[in-house]
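Sequence order for the protein chains is A and B. Numbering of the first sequence is given in the working numbering, commencing with residue 1175 and proceeding in unit increments. Numbering of the second sequence is given in the working numbering, commencing with residue 1175 and proceeding in unit increments.
FYI, nobody ran anything at the bench for these hints, they're computed from the structure. C-beta atoms are modelled at their ideal positions from N, C-alpha and C, and glycine is treated no differently. Treat each hint with caution, since some may be false.
[Unchecked claim] Derived list of chain B stretches under chain A, where covered just means 3 residues or more per stretch with a C-beta under 8 Å from a C-beta of chain A:
id, stretch
1, 1190-1203
2, 1285-1296
3, 1319-1333
4, 1381-1389
5, 1459-1466
Letter by letter, the chains look like this.
There are 2 protein chains.
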Amino acid sequence: MKTDVSIGLLGLGTVGCGVVKLIRQHQEELVHQLGYEVKVKRILVRDIEKDRDIEIDPASITLNPDDILNDPEIDVVVEVMGGVNEARQYIIKALENKKHVVTANKDLIALYGPELQELAWKNQCDLLYEASVGGGIPIIRGLTDGLVSDRIQKVMGIVNGTTNFILTKMMDEGVSYEEALRDAQALGFAEADPTADVEGLDAARKMAILARLAFYTNVKLEDVEVGGITNLSSEDLHYGKTLGYTMKLIGVAECQDEQIEVCVQPTFVAQNHPLASVKNEFNAVYINGEAIGEAMFYGPGAGSMPTATAVVSDVVAAIKNMQLGVNGRNLRGPRFERKLMPLDQRYGQFYIRLHLKDQVGAFSKITSAFSALDISFKRILQTPDKRDELAEIIIVTHKVSLDRFQKVLLQLNEMPVVKEVNSYYLVEGEA
Amino acid sequence: MKTDVSIGLLGLGTVGCGVVKLIRQHQEELVHQLGYEVKVKRILVRDIEKDRDIEIDPASITLNPDDILNDPEIDVVVEVMGGVNEARQYIIKALENKKHVVTANKDLIALYGPELQELAWKNQCDLLYEASVGGGIPIIRGLTDGLVSDRIQKVMGIVNGTTNFILTKMMDEGVSYEEALRDAQALGFAEADPTADVEGLDAARKMAILARLAFYTNVKLEDVEVGGITNLSSEDLHYGKTLGYTMKLIGVAECQDEQIEVCVQPTFVAQNHPLASVKNEFNAVYINGEAIGEAMFYGPGAGSMPTATAVVSDVVAAIKNMQLGVNGRNLRGPRFERKLMPLDQRYGQFYIRLHLKDQVGAFSKITSAFSALDISFKRILQTPDKRDELAEIIIVTHKVSLDRFQKVLLQLNEMPVVKEVNSYYLVEGEA
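Given only the sequences and the hints, what does the whole structure look like? Please build it.
In structure tokens:
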């Protein structure tokens, strides 16, 4: 009789080391849970000599992926190497060799999740990826099991720790984007090339994954509208704060009348909204369901050990399924065709900042433009500008359809009394 | 071939009506998920004539539990009738008749959960009770699946919506306990007899359930220390607010060195703590795990439809298990014997309010008592008292063992310079 389960690890970076540590530290609990010992039999690395903060038996390390993918003793392959093409090839081979796969790779799942899922089902294997969204937060299980009976209407999340750390610094300490980014890099919360994080691409991948699971539909990455945080000005953050908002990079996935929208945008969130108190590198996913109303899952969105928690919980699930002989049944769900929601059916509140020429009737001209499009104001803030012939105006609108908001933006840009439309952001919640 | 699954409902109150509604409204999704139609075949009620806000086929209603428990067509019994003895008898009979059971009954699970779980395993049936804690929040799955690979150190929660509603009113609007209770009753957030809620008993039951799952041990209800909110004074809430705290009824379950403590106490929570922003009838459970660090699950802790979400998600899980032939494997876990943690190994910060006689050296006498027991102060607030021969002192201590805190309380009560120790509360977080 088998007394242990062997896993193969593809990658031994931050998360890989966490997985090895967690399996060692919690071996007693794993044996209690599973009746089996969980052994990391083989680890694929790029560089054998690299210094790592854990001790690894040199015999278990390999440069050859086939030592894992072709080893009949290995039941579960854990992919924590990152990147897309190689990882995809290895996972395909693992599934074809009837190995269950656990991955933390959001880039890969966002791009090839549905294709890999099909392959997993065909081979009666598990493909699990809890760690791909929200690090250690069990948000994927929350959606697919915990809220399975509900009809999800909206998923709104802070799903990128790097940008949330930067924005927290900018809002709470008033530092510039550049300084906050340097701090994040120094503390290991941002990479040397932060593009994927600060441009919103990483968050977009995670939102695509969440939207697929929430709405049972095949959201493609290119369906996600993406905005980043690189152009935020400290003026806007200051004014937002004055108005009772905090700036967050918010991913929204919404489904209405079988149409969906998925976007990632810097957004002013009302201070009393549950997402406003999510600080630094933490993540949170806020869910609106027809029956549950609102719920939120909060926790560390990255980091070696938290992410390892999600990976190893998936490994446990795969092993339990092996014991029961029911692998390949997870995350199965109906697939609906859903169209993207057209702009005239999408609504949002907006913050807009602009400079008017200080002429008699200037303000009345812009308010007529708004009211002609039936856009009403919730808040107006006029501040004296240094350039004294100009007036700086901040407007927070009530809910407006996105097509009408785009129209008013066009009109404002063409009006002679408007010197410049400086910025506009989505607003969430009531400040 | 079977094309539907029949469930029997014990009880048709708030939650029962929600379950019927949810199954009707989401039938399409359920069929997609399961391949089966889910039919509520029979409903046990106490009063056939009672007005209900949903339409029910009179033929499906019965006063006789055996119409459900002995019906071979019924696969899943959903117990939402509440109460302990009858519900327990019916569930036992259902399990013995090889029916899977889903229950929302925290009183029953807190008292008889382990016994019923054993019976379910013996009969290869599922016994699921996600709705028993935190209403619609999938916290039980979060612990048993999502965080299965972690070693949970502490579970801290706001798990009673009634008291959280009352405390929110008292803190935010400054109203008295009596007035807040009346409001809660008028809005349906508190029952005519609110004892179980306001005395902390309901929260204690839920914490016992969570502690069992988190620490794999058989916590008994009598192991939970319980305090309620009926004696809170508006003075203390006012001073707490001044010091940066908000008052919450907090359940804590902690495990250290294989010893546990479980208690429910009114607690001052620092305003910047994630639990402080949980308002009104909402619930939240905050978890510390060795690997994940901190995570939180937030949502509606009660209500017809949210609770029905958790119930029907359990029904879906039971039916999926039926299809796979793996019922009776859920929530199985190792059981450790764990002792209760002795007072000298339990630590807490405390808020304490007392009146001193206004004598020279009085304050120095009490500070000596504290420092002799090695208890240091974090904050001190002295306020002039109306009774002008007295001084009112509020102290927030640093962490102190509970036995030493009890000693200092005894000494203070016996000191001639101390007129009265008015109140003391646990403090959580750094204000």
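(request) Test coverage of the stretch 1381-1389 of chain B by chain A using CB-CB distances below 8 Å; three residues minimum. (result) Violated: only 0 residues of the stretch 1381-1389 of chain B have a Cβ under 8 Å from chain A.
(request) Test coverage of the stretch 1319-1333 of chain B by chain A using CB-CB distances below 8 Å; three residues minimum. (result) holds (count 7)
(request) Check whether three or more residues of the stretch 1459-1466 of chain B sit with their beta carbon closer than 8 Å to a beta carbon of chain A. (result) holds (count 4)
(message) For the stretch 1285-1296 of chain B, count the residues whose Cβ lies under 8 Å from any Cβ of chain A; is that count three or more?
(response) violated (count 0)
(message) When I compare C-beta atoms, does the stretch 1190-1203 of chain B have three or more residues closer than 8 Å to chain A?
(response) Three-residue rule met by the stretch 1190-1203 of chain B, so holds; n is 5.
Hint check: violations occur at hints 2 and 4; the rest are consistent with the structure.
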